[in-house]
Amino acid sequence: MKIEHLGLSQINGSLVVLENVINPKFDEMVEFSLADGTKRTGRIVTVEGDKVAVQVFEGTGGISMTNVKTTLTGKPIEIKLSPEILGRVFDGLGRPKDSLGEIYPDEVRDVNGSPINPVSRIYPKNYINTGISSIDCLATLIRGQKLPIFSGSGMKHNELAVQIVRQASLADDGDFAIVLAAMGVKNDVADYFRRSFEEADVMGRVTMFLNLSNDPIIERIITPRCALTAAEYLAFKLNKHVLVIMTDMTSYAEALREFSSSKGEIPGRKGYPGYFYSDLATLYERAGIIKDAEGSVTQLPILTMPNDDITHPIPDLTGYITEGQIVLDRALDASGIYPPVSVLPSLSRLMKDGIGAGYTREDHSALANQLFACYAKVQDAKALASVIGEEELSEGDKAIMKFGREFEQKFINQGFNENRSITETLDLGWKLLSALPRELLDRVDEKLLDEKLVPQQS
Amino acid sequence: MSEQNVIYGINGPIVTVRGITSLSMMEMVYVGNSRLVGEVIKIDKDETTIQVYEETSGVTPGEPVCSTGDQISVTLGPGIIRNIFDGIERPLSMLEKQSGSFIGRGSMVPAIDEDALWDVTVTAKVGDYLTGGQIYAYCPETPVITHKIMLSPLEEGEVVEVMPDGKYRVTDTIVKIRKQDGSVKELTLCQKWPIRTPRPVKNRLEANKPLVTGQRVIDTLFPVAKGGCAAIPGGFGTGKTMTQHQLAKWCDADIIIYVGCGERGNEMTQALVEFGEITDPKTGRPLTDRTVLIANTSNMPVAAREASIYTGITLAEYYRDMGYHTALMADSTSRWAEALREISGRLEEMPADEGFPAYLPSRLSKFYERAGYVETLSENEGSVTLIGAVSPQGSDFSEPVTQNTKRFTRCFWALDKALAYARHYPAINWTTSYSEYVNDFSGWFRENAGENFLKYREEICSLLTEESSLMEIVRLIGADVLPDDQKLVIEIARVIRVGFLQQNAFHSEDTYVPIEKQMKMMEVILHLYHVSRKIVAKQVPLSKIVATGLFDKLVKIKYDVPNNNIGMLDGYIAEIDSVLKPLMNREVQ
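Just so you know, the sequences run in chain order A and B. Under the numbering used here, the first residue of the first sequence is numbered 1, with each subsequent residue one higher. Under the numbering used here, the first residue of the second sequence is numbered 1, with each subsequent residue one higher.
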């Protein structure tokens, strides 16, 4: 039997306090019925004896101390799952948002999930061919990896995500699915994703969880958890390869900060709560492959760095949890290079075991190393050129500058619809290196150089 | 004996009990109906505060809190090695059997397999008087590690009964002693020890032997002592974990305890897989035969993350007490400090720097002080070396965890973002890193590496320092304006940087380099420098020397000379002399 509690004893921001509650459970979901017949949901965030604080997802606007009846559900926040969730659109709490009706659940799961036992994980090794040179060659995406895109407002991160999804799914003959968690994004961004998926003819394999920028911010804290629960269901129960796109993690972090300060918690760096790292980890760590399932969860979170600052807590803590990052660069973006991937800070930690003979090609790792080393020299040469002028540079530095320009224009730059195979990408890399004086190529052994360098016509 | 205490409040991992309780500080308790493991962290007359090592969703006020009467402790006995535990010593493979691929809650599994049989040889005899820490039996734990079974440091007594040698389980009694109060205590193969209390030793000895790691930049430039402490700070992507893995794989400690504290799950899996595949060069057995992994990944409960470091060090001390050299890699201590901060925040304690609690430095110093080279209670020599990774927020080394760690470690390997971006690994910055141990090792270096080791090391350091100040000029006006002798410094420093400091962990020869080869490599590089300097002094242009290709050849020594043929390097010296001879004689003619 469910007991209804009448009235509240305190309302503060998105939090309400109830007293004399019988048997409240920590983290349990509650339902509010307002006098006007509308319903809201919330979650118990602290318990002290019979007094509980509840976070209201839809906000407390219109709630008074007397006009609300509260019911405890006795359950944590759950989401209904069935194979039918593919092709559907849900709101931030996992309730259908399209007009296709309720889901008849095959299973109901707690959105918080449980940590994967490290013993049960399979170390990810299979690379995903995205068809984008800068990613495939230099920051290879591996199935089961979490690889965020660090971007800034106004840069083309959404396009990049769509291109990765489109081209990765083309290359994938297996059973794949896409889960999109949109947190605080504008309606047109959500629309752009939907349109792009339709154009690429993959909408039937997509599940979308939308919490738009005008939706309640507290709901935003649950949105990625719903999406990841759905992804785990698809991957580990239905054995699909799931690619989860989470955008925009910055909005999520801000929602978390707002919620934390409304609870009166002691803030850590820049006002973010002390548990910010652990909280992000409970999301990102849900990527992976486990022993008793065929599927995998690969995460592609997108975050806009506030003020393009990579040391801001959001990108900083994300970088400490995820297995690398793809950083977009405003200068490249401004000079019209797409995708504007800033090569040097971009990194894929799992790449070393997922490339080379048997995966991509045996020369991949040496080439990537050499490209990184040479492009790092380009930055030094550029800095020098900005002081003494390019004319005054030594011959070696001039060659380096030229390489830098070619590398940006031909290697990083590619069309939105251009899908380069790994062979094309690697050959292009060697071709660019061939233009450099041989003594600058100190990361590659002589035999490989002889084999791969393309003779220059003078 | 557990009286009824009931839960009053719940806030994340913090649970409170109302009223005066008989619970004691640091006591381990079981919380709620699902019996979650917790620890008492604060007691006052109105309320007792407990931190819970598991997720508290669904816990209700009124559920019981059961006292155990013990502090949070670990079980020590054969079966620890080769295992992978969570932060409070629950074996993850047993948890997997119990709850599948995802970790459930309230799982009660014994830390050590209680069914396994060990081939025990009892060394104690009836009538012997055993004092704390003395060895009374031993058994082979893995083909390379003999587990010595010791009396708990807190006990002593006369042996009154001994079982014959044979196969026993860890909980079987093999020796009985009569304590001074007349009571008889049955000794098994295992003992318990509270994780927050350092295990006692007889004497602390001077740490004057390096932990040989086979990593050139560490062994040569910034060595750490067996029984010393080192910190590896670095922003994300600078290779902290890679460096830790390399050290775990190659350092010459007998036993490695690798603590993944609040880090990535996939990394722990990688360690698990890799350590099983790698053959230990010293024993010819898989590395796992002398490794213990403790994995408390970032999404596992935060309180257990705080405990994982202590669990690790207690295991390390236990093996040290048997007379082994153990090395503990903690990746990363920043996550541990953040766990402290998180719990402190929930307790509403007054924050100090950046929200970290004011007791952060004292906790850090207590932890690092548990390292040491000691004479054990059983009169063996053993050591615990601590290598802690630090993940500074925003790669800013002025943050509290890095700064406080610096105060308590004598070896500091600063990882540099710029080096990592240029894929110079290990990205240990040679200008900001330091080791205070170098001079303590002079005797060891003389005996094991050669008379001139420290001299060469010093010269290499000064060349690198000179280069970095020259590079500031180059960055402003280009390299062309420098005189030839300074260009030579830049050229030879490049050889040192690329050919010596940079080390390829994925190359079969380069991943581990014995100290003799490191010594010889320095000798060859410096020989080229000395000869070239003489030539340059004779006004022969540097470009002529560079054109011989010798510099580029030396850069590739690390790949071209196999570790088992160090003699080849003498050939390089001869080659330098013969190739440069014409240039040398030119001005004279």
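Simulated from the structure, these hints should not be mistaken for laboratory data. Because the structure is a prediction, the values reported are computed rather than measured. We treat Cβ as the ideally placed atom computed from N, Cα and C, and that holds for glycine. Incorrect hints may appear among the rest.
Derived BS3-like pairs (lysine-lysine); straight-line CA-CA distance at most 27 angstroms [unchecked claim]: (1) A:Lys270 to B:Lys125; (2) A:Lys377 to B:Lys556; (3) A:Lys125 to B:Lys417; (4) B:Lys417 to A:Lys452; (5) A:Lys39 to A:Lys125; (6) B:Lys97 to A:Lys263; (7) B:Lys97 to A:Lys398; (8) A:Lys398 to B:Lys417; (9) B:Lys97 to A:Lys237; (10) B:Lys202 to A:Lys402; (11) A:Lys51 to B:Lys42; (12) A:Lys431 to A:Lys447; (13) B:Lys417 to A:Lys352; (14) B:Lys553 to A:Lys452; (15) A:Lys382 to A:Lys398; (16) B:Lys417 to B:Lys406; (17) A:Lys156 to B:Lys417; (18) B:Lys97 to A:Lys431; (19) A:Lys447 to B:Lys553; (20) B:Lys97 to A:Lys352.
Beta-carbon label-pair distances, calculated as ranges [to be verified]: (21) A:Lys69 to B:Pro194: 22 to 32 angstroms; (22) A:Pro105 to B:Lys167: 48 to 58 angstroms; (23) A:Glu19 to B:Cys66: 53 to 63 angstroms; (24) A:Ile22 to B:Glu354: 22 to 32 angstroms; (25) A:Arg438 to B:Ala116: 25 to 35 angstroms; (26) A:Pro96 to B:Glu277: 15 to 25 angstroms; (27) A:Ile22 to B:Asp119: 53 to 63 angstroms; (28) B:Glu354 to A:Leu34: 39 to 49 angstroms; (29) A:Lys39 to B:Ser22: 18 to 28 angstroms; (30) B:Ile573 to A:Ser434: 26 to 36 angstroms; (31) A:Gly61 to B:Asp46: 32 to 42 angstroms; (32) B:Lys167 to A:Thr311: 53 to 63 angstroms; (33) A:Glu4 to B:Asp46: 46 to 56 angstroms.
Open item on the list: Flag every earlier hint the structure violates by its number, smallest first.
Closed with: Structure breaks hints 1, 4, 5, 6, 7, 10, 18, 20, 21, 23, 24, 25, 26, 29 and 33.
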